[in-house]
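Take the sequences, apply the hints, and build the full model.
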Amino acid sequence: MPSPATTWLPGAGELASLTRDLDWSKTPVGPMETWPHSLRITLSTLLTCRQPMFLWWGPEKVQFYNDAYRPSLGVDRHPQGLGARGRAFWTDIWDVIGPLIHRVQGGESVWFEDQRIPILRDGGFQEVFWTFSYSPVLDDDGGVGGVLVVCTETTQKVLGERRLRTFKDLAVSALDAGDEEAVGAAAAAVLARNAADVPFSALYLGGADSPFLRRVGLTGLEPCSPAAPERMGPMDPHSVWPLWEAVRTGRPVWVADVQARVPGLVAGPWPEPIRTACVLPLPEPTGEGVRGALLVGCSPRLSFGPELQDFFALLANQLGVVLARARAGAERERLLVEVERAHARVEAERTRLHNLLEAAPAVICTLRGPEHVFELANPLYLELVAGKRPLVGRPVAEALPEVVEQGFIQLLDDVYRTGRPFVGQEVRILLDRQETGRLEEVFLTFIYQARRGAGGAVEGIDVFAFEVTEQVHARRRVEAVADALRRSDERSRMVEQAAGVGTWELDLSTRRLRLDALTSELFAMPGVGDPALEDIFAVLLPEDREQVREAVESALRGERAGVFAAEYRVATLDGALRWVEGRGRAYFGADGRPERFLGTAMDISARKEVEQQARRNAEFEQQLIGIVSHDLRNPLSAILLGAQAVLRGEELSDRQLRTTLRIQTSAERAVRMIRDLLDFTQARLTGGLPVRPAPMDLHVLVRQVVDEVQVSRPERTVHVAQQGEGRGTWDADRIAQVVSNLLSNALDYSPADTPVTVTTRGEAERVVIEVRNLGATIPADVMPRLFRPMQRGVPTDGTRRSVGLGLYIVDQVVRAHGGHVDVHSDSEQGTVFTVRLPRDVKGAESGG
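So the sequence shown is numbered by this note's numbering: it starts at 16 and just counts up by one.
No lab work stands behind these hints, which were simulated from the structure alone. Glycine is no exception: its CB is placed at the ideal position from the N, C-alpha and C atoms. A portion of the hints provided could be inaccurate.
As the list claims (entries may be wrong) - Restraint ranges, calculated between C-beta atoms of paired labels, are given here: (1) GLN562 <-> ASP796: 40 to 46 Å; (2) TRP126 <-> SER59: 21 to 27 Å; (3) ARG622 <-> ARG491: 22 to 28 Å; (4) PRO405 <-> ILE462: 21 to 27 Å; (5) HIS358 <-> GLY452: 45 to 51 Å; (6) ARG266 <-> SER32: 46 to 52 Å; (7) ARG491 <-> GLU565: 37 to 43 Å; (8) GLU398 <-> GLY452: 16 to 22 Å; (9) GLU398 <-> GLU624: 51 to 57 Å; (10) HIS488 <-> ALA359: 45 to 51 Å; (11) SER59 <-> ASN332: 30 to 36 Å.
As structure tokens, then:
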């Protein structure tokens, strides 16, 4: 009978009985009759509950647990766990659960799902997973008296999910594996991620009829480890594992003495040595034969029971299926590659033949059947014969009707009927290539060749031809020219002499010249015979001699296509100088050496005299303009200053004011004309105008110029429009000259009652100046020479005249700034001069 002290404790199970029978006086909680009410209530619940439960009580964390919890302790931790101190009992996992217990003693509850907490049971550490909660249990005083653990061991569930994930990963990763080696690599990558179940593995392929097994996948071991050789023969004396036994028998072989075979072998996430391994055959999916073997190590923290054995067996079966699929895929890919290669060879051959026909420098087509239907025509055939007419798929008589009456269809019929080829030499054919009815003459040398099929019967005709039209025409021209030359050789010599053109030829072997009579006279060597080339050089002026010698040698070296051209002076017998123009050409052989060198000589003394006189006239004109402009500027400046002084005076009558303003306007116009003349002279003599750029604002400058011009033209209306950024680097005086010339030009050539608009616009990299007037349209024939010097228009009022240099100076200044000026003129928009200038101009002594 239970003692009176234990009658309150319910339950008929093992743990209830053990709890009642244990001498608790020897434990920190003391005799049962002294236990607090809260402990008794908690134990009454714990011992009668079918949910695994565990209780730590008191400062020493004395342990209680129920029958449902008992299997989690294994065979070697029960019943001594009952009444034991928690820290001393759970030394293997106290670093995990100790902090949790401490949190609960502070009044906090904790809960975990599928938490891995390895424990010692059944003789060693085991990988165990739990879903559990730690809750505080209050004592009679309201403090935390103990920690109640409600738990469920989920080891089998977690292991099942982990192994199912391995099967899925293996199936997915093997989908892209093109061969068995790729399957081995994919399988190794998957198994390496599940080292907890498979701490090491090695995949071998070969089969019973193979001379050796080769390793195609490895995890958990070093590649050079003796525990995983790369190759293994059936009689290998160094074989560690019974691989060949599993291959020959087709049955798994369990290896329980791993440490005896490979002492100290440790692999996977755990520090304990591997004790057990398994070699599994990889069966063919058909059930006939074995493809290889899978070596797997067993985790030291898992029970080597049916679940693990089934996992390994399923793993081997799946690998066998994946390998077979990869092998079939590889064979399919190989066959596809062979088919593709065969197709590519056929296409390459077809392309090569097509390219050969396309690139062949011959006229080629193929005809099919007795109607001579076009099957193929290369580009030269289409260009020469068809023009724009479609050929392929059409009979010759339909596609080229103009050849029917010329006898070519009859020739094709004869070749098709007899099978004998026909060869035509320089045959004339008339073609309507443009389909206009106008026949063009073509000459062909061709062959019609019958094409026979497999049975020997004629199936079509191949046409191969060369166009010889140019050769025929050239031969006819040569024959005609030769005949004409024979008839008119003397007349030709007379014509040459009348034109003043002599001929010469250099004998390249002797370096002597054959001269006709006119050339001998030009070189002051009448009756000399064939002079040496050096004798010719001797009669040239010394300053011309070397450049002529270099021109001759350059032509003989093949430079400038062997062309010789030179102008030089010859001293005549009477001491005078004669200008001679020599032209010729060297002709070269196949080896690149000159074979002939011949040409002409002509007296150009008269032409040179005309050119020299023209230069003298131009220089005189420019110097005269410069001198006149400079000498006139000083008195005009005095007149202008005097007029300005009078205007500043007081009490001028209207008549005096008009007279003075007229004097000022005329003087200013004369000053501008002189300035333009000086600029013209400088541009002609130096090739451009100097500019001296400096930072400035174009908008400000243009408005100043407009104001100055309006002082002398107060009766006219000038609009100014300005947009964008106007700052940049230009020559302010020169730009003012441009604006002044364009504005004055616009005022001169537009009606007095119409406005003139001046627009300045800043853009990103440049500025634009536009001057628009509504005068008469500039004639089209004037446009090309508008910016040439000395070009004058007719002013609208008929009173103002100029020297015609204003627009020329505008163009020169704009060019000196790296810009350009354009003009557009029509009856609707009027005339617009547009100047475009880069925003920043570098300094230059001259432009243009």
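Quick rundown of the hints versus the structure:
In this structure, GLN562 and ASP796 meet the distance hint of 40 to 46 Å, their C-beta atoms being roughly 42 Å apart. Our hint of 21 to 27 Å for TRP126 and SER59 holds, since their Cβ atoms are close to 24 Å apart. Separation of ARG622 from ARG491 is about 39 Å and departs from the stated range, judged on CB atoms against 22 to 28 Å. A hinted range of 21 to 27 Å for the beta carbons of PRO405 and ILE462 is consistent with their spacing of about 25 Å.
Checked against the hint of 45 to 51 Å, the C-beta distance between HIS358 and GLY452 comes to roughly 48 Å, which is consistent with it. Taking the beta carbon of each, ARG266 and SER32 are about 48 Å apart, inside 46 to 52 Å as hinted. Between ARG491 and GLU565 the CB atoms are about 42 Å apart, so this pair conforms to the stated range of 37 to 43 Å. At roughly 20 Å, the beta carbons of GLU398 and GLY452 sit within the given window of 16 to 22 Å.
A hinted range of 51 to 57 Å for the beta carbons of GLU398 and GLU624 is consistent with their spacing of about 54 Å. Roughly 46 Å separates the CB atoms of HIS488 and ALA359, a value that falls within the hinted 45 to 51 Å. Range check, SER59 to ASN332: Cβ separation about 52 Å, and the 30 to 36 Å hint is violated.
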